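**Student:** One-letter residues, chain by chain:
There are 2 protein chains.
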Amino acid sequence: MAERLLEEGVQVHMLAFYNPRRDGKGVERTSRISDVNAPTARWQFEIALHQGKIESIFLEAMEKHGLLVERPYFPTALEVSQDEAELKDPTSYPVKVTVQRVAEPSVKTNGDSQASHNGVQSNVFESNTVIQADRPEETEIIRAKFVIGGDGAHSWVRKQLGFKMEGETTQHVWGVVDLVPETDFPDVRHRTLIHSDAGSCMIIPREGDEVRLYIQLIEGLDNGVEGRLDRSKVGPEKVMAIAKEAVKPWKMDFPNPISWWTVYVIGQMVANRFSAHERVFIAGHTHSPKAGQGMNASMNDTHNLSWKIAHVLRGWTNIDILKTYEFERKKFAHDLINFDKKLASMFSEKAISEDNLDGVAPEEFQDLLKSMGGLTSGIAIEYAPSLITDNTSQSFAPGLMIGQRVQPQIVMRVADCRAFEMQDLIVSDTKWKLLFFVGDPKQEKQAAIVKRLGEYMDRPDSFISKFSPKNDRQAVFTMLIVSSTPKDEADYTDIHSGLLTHWSKAFTDDISVDRKSGGRAYETYGVGKTTGAFAAVRPDGYVAYISSLEGVVDGTVDKYLSRFMIEQP
Amino acid sequence: MAERLLEEGVQVHMLAFYNPRRDGKGVERTSRISDVNAPTARWQFEIALHQGKIESIFLEAMEKHGLLVERPYFPTALEVSQDEAELKDPTSYPVKVTVQRVAEPSVKTNGDSQASHNGVQSNVFESNTVIQADRPEETEIIRAKFVIGGDGAHSWVRKQLGFKMEGETTQHVWGVVDLVPETDFPDVRHRTLIHSDAGSCMIIPREGDEVRLYIQLIEGLDNGVEGRLDRSKVGPEKVMAIAKEAVKPWKMDFPNPISWWTVYVIGQMVANRFSAHERVFIAGHTHSPKAGQGMNASMNDTHNLSWKIAHVLRGWTNIDILKTYEFERKKFAHDLINFDKKLASMFSEKAISEDNLDGVAPEEFQDLLKSMGGLTSGIAIEYAPSLITDNTSQSFAPGLMIGQRVQPQIVMRVADCRAFEMQDLIVSDTKWKLLFFVGDPKQEKQAAIVKRLGEYMDRPDSFISKFSPKNDRQAVFTMLIVSSTPKDEADYTDIHSGLLTHWSKAFTDDISVDRKSGGRAYETYGVGKTTGAFAAVRPDGYVAYISSLEGVVDGTVDKYLSRFMIEQP
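Chains A and B are the protein sequences, given in the same order.
Using full-length UniProt numbering, the letters of the first sequence correspond one by one to residues 1 to 569.
Using full-length UniProt numbering, the letters of the second sequence correspond one by one to residues 1 to 569.
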């Protein structure tokens with residue numbers, strides 16, 4: 001899915017800061033720094049793309065797998081069983097949702113609308129209820145195993161469940177306009193933060209020649225704000241007028257039509273609960289959009305949740321793992337809101353000057369953004385120990401941080417010396433990735449270990465045998481071997497067939513044939529080339545467990561997996 | 001078009017050599033080296049992909065531009081006018097081709113067939129003859145401005161023109177089989193050359209788990225070969241039997257069906273002429289397929305030719321440039337055949353041994369392949385001076401070798417600090433790329449030069465104004481600016497609007513934001529940061545002309561372009 005994003009999106013690499021000139025004649029550039037400050041991120045830039053386009057990337061990817069989103073449906077009632085036994089039974093359908101088909105042809109996708117229709121996305125895995133899309137205005141009842149409410153800041157699902165929003169609506173009123181300006185301002189294709197005497201302004205480059213202008217509308221408050229803003233009072237003209245002032249002494253005119261605009265009051269809130277009995281879930285929260293985290297955080301919410309639901313539905317995993325969703329994602333939501341509060345208030349304040357010694361110093365602002373690169377890029381997210389995350393044996397691979405995503409690293413595929421990014425091998429296909437760092441199997445000692453691992457896997461009581469369906473030993477786990485043999489000598493045939501399910505699963509830690517990358521995986525992950533290590537990576541790419549290679553065969557790993565995995569008949 | 005190739009093709013990174021063991025018990029690996037030895041190549045590997053797939057990539061790319069290949073048509077007559085005036089007039093239609101629609105539904109694409117149907121591809125740019133595809137078995141007459149015969153080793157077009165094939169049919173008979181073997185041979189996913197006592201064998205990995213086996217069928221000659229081989233006498237069983245022997249002591253069995261096979265006698269021939277009056281052209285030659293050059297060379301032939309025809313048809317360029325097609329491509333064809341002769345004979349000989357001191361030494365073979373990396377990858381192709389290629393001022397940019405392609409280099413786009421590969425900027429869109437290495441326009445001296453260049457371009461007598469259609473100043477030339485200002489300070493607004501047609505055309509030579517690439521363009525191209533340089537790159541990516549920046553404004557470049565360009569009304 002990344003390809004279209006990279007192709008169609010705007011890449012934002014740099015962040016420019018403008019502050020008032022000492023002579024009072026407008027602003028000047030005080031610095032230009034890297035926009036993303038997350039050294040371990042695979043892509044060191046942001047991508048901006050119309051939300052409608054992003055949605056279409058998802059919809060098209062789903063279509064390829066035969067999944068369709070049915071629209072427009074409107075939920076009218078939601079009921080969750082209170083029966084403890086029913087709730088605990090993963091095969092039951094304890095949620096009843098009443099939906100009504102809306103007469104209008106389809107819900108228009110407004111790229112960045114803050115408001116959302118009260119849609120409800122039903123998890124229909126194995127559901128026996130089929131919605132008749134061709135009969136309009138019809139009311140239907142869906143009995144579902146699980147329901148996910150991804151219905152935005154004013155979530156209908158959340159209200160039905162009686163969850164409270166914790167946090168506050170701020171006094172910050174913002175206006176946003178997308179258009180192609182006529183300007184000699186040199187930083188319109190960078191993310192730019194302007195603290196001017198005329199007001200604060202953020203510029204974000206958009207697709208083509210378009211630019212997004214974010215302006216703080218100080219006077220907006222005079223209209224009396226209550227939850228939502230009266231948009232008839234503050235319009236795009238105000239935004240453009242302030243932008244024009246803020247970029248002086250450069251020139252910015254607006255001869256072209258506005259392609260989109262909005263005005264809103266920033267809220268910074270998180271729901272007090274994320275699920276009802278782990279049967280109905282909500283995803284997302286609300287905060288200022290300046291860090292670009294609204295949709296990103298929501299997608300990470302559902303990415304965290306969906307593989308867990310899939311495993312429960314397939315009977316592979318105990319239903320208790322669903323509790324880890326709220327546990328893991330609520331902490332992140334709070335971290336994000338805290339950052340957002342700092343950012344929004346610093347952004348709203350005036351810049352420091354002789355008349356305003358309490359104002360924001362350019363360095364302060366820059367440092368905040370730098371320190372938060374890990375959070376906004378998602379790289380630094382760390383899930384705490386839980387049923388599925390066990391950090392007791394971190395020392396075997398200190399660079400594979402338990403609870404965090406596997407860091408990018410280039411490894412060579414042994415059979416054809418093709419370079420692969422580890423993150424591309426750890427694809428989101430709902431399978432656990434078992435990484436075996438086996439050292440150099442050309443050495444006698446390592447060869448013996450590899451043989452022992454292979455023979456163990458072939459045993460009917462190995463965890464692979466126990467936790468995989470008998471007719472598909474590759475359904476739940478993908479085994480990836482990372483050796484340390486130089487590529488000129490390495491042979492994939494050195495890996496025992498019990499461990500190597502296909503030639504394409506054997507890799508080695510060496511530099512690439514073009515000498516441009518690779519050769520640093522053991523070092524980066526902190527794995528000893530003679531001791532080796534084993535890592536279990538969750539289907540969403542987060543490291544869940546580390547052990548020694550010995551732990552694979554002596555029952556240690558089996559014990560860990562048995563905490564939540566179900567033996568297959 | 002590269003994306004699908006990279007996605008669907010097999011990447012071949014390494015080349016393994018196997019030779020007889022001293023103890024006589026089969027073969028052993030003597031070395032494994034990088035498969036592509038062309039240090040300046042952008043991709044340091046080969047891609048193997050079914051020819052039918054490659055054809056579909058072309059057909060789909062053409063379809064996007066509204067171009068369709070009509071099949072199956074069979075040419076029955078070809079006539080070229082002898083009228084000198086008509087031949088010189090680019091608006092005339094001096095070629096008459098009679099084609100017959102064949103009744104069969106469509107010509108089956110056989111992935112790698114050596115034989116070819118006698119197809120003829122007609123250049124129908126602006127042709128007023130429309131072929132009626134829905135009337136079968138119909139004979140039609142096409143009057144064309146140009147005709148290209150891309151009809152293979154037994155080209156009907158070539159025979160009609162009475163061109164002779166120069167070269168020879170060798171005594172080398174080869175068998176080829178595609179299939180999925182069952183084997184413990186460790187190098188089936190690398191290109192592998194085996195010199196065994198049982199015979200010579202080349203393994204080429206194919207898509208999925210498939211492998212191509214090339215075997216020299218020594219006994220094939222007993223059947224008496226004349227031009228084409230009697231395929232009923234030597235079949236795939238023979239190929240598989242020799243392969244099985246050649247890989248010993250490893251095991252290779254063939255439980256799976258054969259997906260394709262052929263047997264052929266290698267010919268190494270080039271036509272004595274490539275065109276008749278520069279109105280009918282032929283593309284391609286014939287030689288052994290071991291260097292993978294058959295289709296590659298033909299594609300380069302037509303890549304060389306097509307932009308020239310396009311420019312003549314559009315009235316931008318004198319028809320004389322078409323003479324450079326044969327001039328440039330015939331030399332390459334001969335170089336390739338010479339290489340192929342060496343390769344084929346060395347491959348056919350037995351390996352050196354105590355009994356056979358005249359045999360091929362492994363090092364000899366390896367050295368030949370290494371030295372020829374530039375030729376087989378296409379990187380080292382150098383077109384000699386001609387009407388369009390002028391090497392008089394190479395010294396301003398010794399690293400932009402006149403007659404060769406622009407070497408890969410990463411540069412930063414000034415406006416958004418996004419990294420771009422120069423070769424991606426020099427896209428095959430039929431436009432000349434004018435590269436302006438202007439140094440650092442933040443410096444007074446360079447700023448003055450940039451202003452002067454911009455003001456020159458705005459003049460009605462500049463070469464841009466003269467040689468571009470009045471209603472589209474960007475039709476013929478794309479101007480790309482490469483400055484040397486550090487990216488943190490660079491502003492695209494520093495480039496005069498006469499030179500900079502859009503913000504996206506200004507680049508700078510600095511390291512990328514992620515620090516992984518860039519910053520070596522001036523150094524690699526040999527351009528001085530204070531002197532600067534100008535380069536004219538042909539639409540097919542080959543450097544045609546270099547001058548000083550002064551040469552742009554003082555009429556030197558104008559004089560060069562006037563040799564073949566036509567002033568637009």
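These are calculated hints, taken from the structure and not from any lab test.
Since the model is a prediction, treat every value here as computed from it, not as a measurement.
Where a beta carbon is used, it is the ideal one built from N, C-alpha and C, also for glycine.
Each hint should be verified, as a subset may be incorrect.
[Claimed, not checked] Computed list of lysine-lysine pairs in DSBU-like fashion (alpha-carbon distance at most 30 angstroms, straight line):
no. : chain 1 : residue 1 : chain 2 : residue 2
1   : A       : K53       : B       : K25
2   : B       : K445      : A       : K248
3   : B       : K251      : A       : K442
4   : A       : K529      : B       : K516
5   : B       : K25       : A       : K64
6   : A       : K25       : B       : K470
7   : A       : K451      : B       : K88
8   : A       : K516      : B       : K251
9   : B       : K370      : A       : K244
10  : B       : K53       : A       : K442
11  : B       : K516      : A       : K370
12  : B       : K64       : A       : K251
13  : A       : K505      : B       : K53
14  : A       : K370      : A       : K248
15  : B       : K25       : A       : K442
16  : A       : K25       : B       : K516
17  : A       : K451      : B       : K451
[Unchecked claim] Among chain A residues calculated to face chain B with C-beta under 10 angstroms, some are:
no. : residue
18  : Q11
19  : G24
20  : D35
21  : W43
22  : D187
23  : Y456
24  : S517
25  : R520
**Student:** Could you run down the list of hints and mark each one as holding or not?
**Tutor:** Results of checking the hints against the structure:
no.: 1; hint: A/K53 / B/K25; verdict: violated (62 angstroms)
no.: 2; hint: B/K445 / A/K248; verdict: holds (28 angstroms)
no.: 3; hint: B/K251 / A/K442; verdict: holds (20 angstroms)
no.: 4; hint: A/K529 / B/K516; verdict: holds (27 angstroms)
no.: 5; hint: B/K25 / A/K64; verdict: violated (52 angstroms)
no.: 6; hint: A/K25 / B/K470; verdict: violated (42 angstroms)
no.: 7; hint: A/K451 / B/K88; verdict: violated (75 angstroms)
no.: 8; hint: A/K516 / B/K251; verdict: violated (35 angstroms)
no.: 9; hint: B/K370 / A/K244; verdict: violated (61 angstroms)
no.: 10; hint: B/K53 / A/K442; verdict: violated (39 angstroms)
no.: 11; hint: B/K516 / A/K370; verdict: holds (20 angstroms)
no.: 12; hint: B/K64 / A/K251; verdict: violated (40 angstroms)
no.: 13; hint: A/K505 / B/K53; verdict: holds (26 angstroms)
no.: 14; hint: A/K370 / A/K248; verdict: holds (27 angstroms)
no.: 15; hint: B/K25 / A/K442; verdict: holds (22 angstroms)
no.: 16; hint: A/K25 / B/K516; verdict: violated (39 angstroms)
no.: 17; hint: A/K451 / B/K451; verdict: violated (71 angstroms)
no.: 18; hint: Q11; verdict: holds (5 angstroms)
no.: 19; hint: G24; verdict: violated (23 angstroms)
no.: 20; hint: D35; verdict: holds (8 angstroms)
no.: 21; hint: W43; verdict: holds (8 angstroms)
no.: 22; hint: D187; verdict: holds (8 angstroms)
no.: 23; hint: Y456; verdict: violated (22 angstroms)
no.: 24; hint: S517; verdict: holds (9 angstroms)
no.: 25; hint: R520; verdict: violated (13 angstroms)
Checked against the numbered hints listed earlier, the structure breaks hints 1, 5, 6, 7, 8, 9, 10, 12, 16, 17, 19, 23, 25; every other hint is satisfied.
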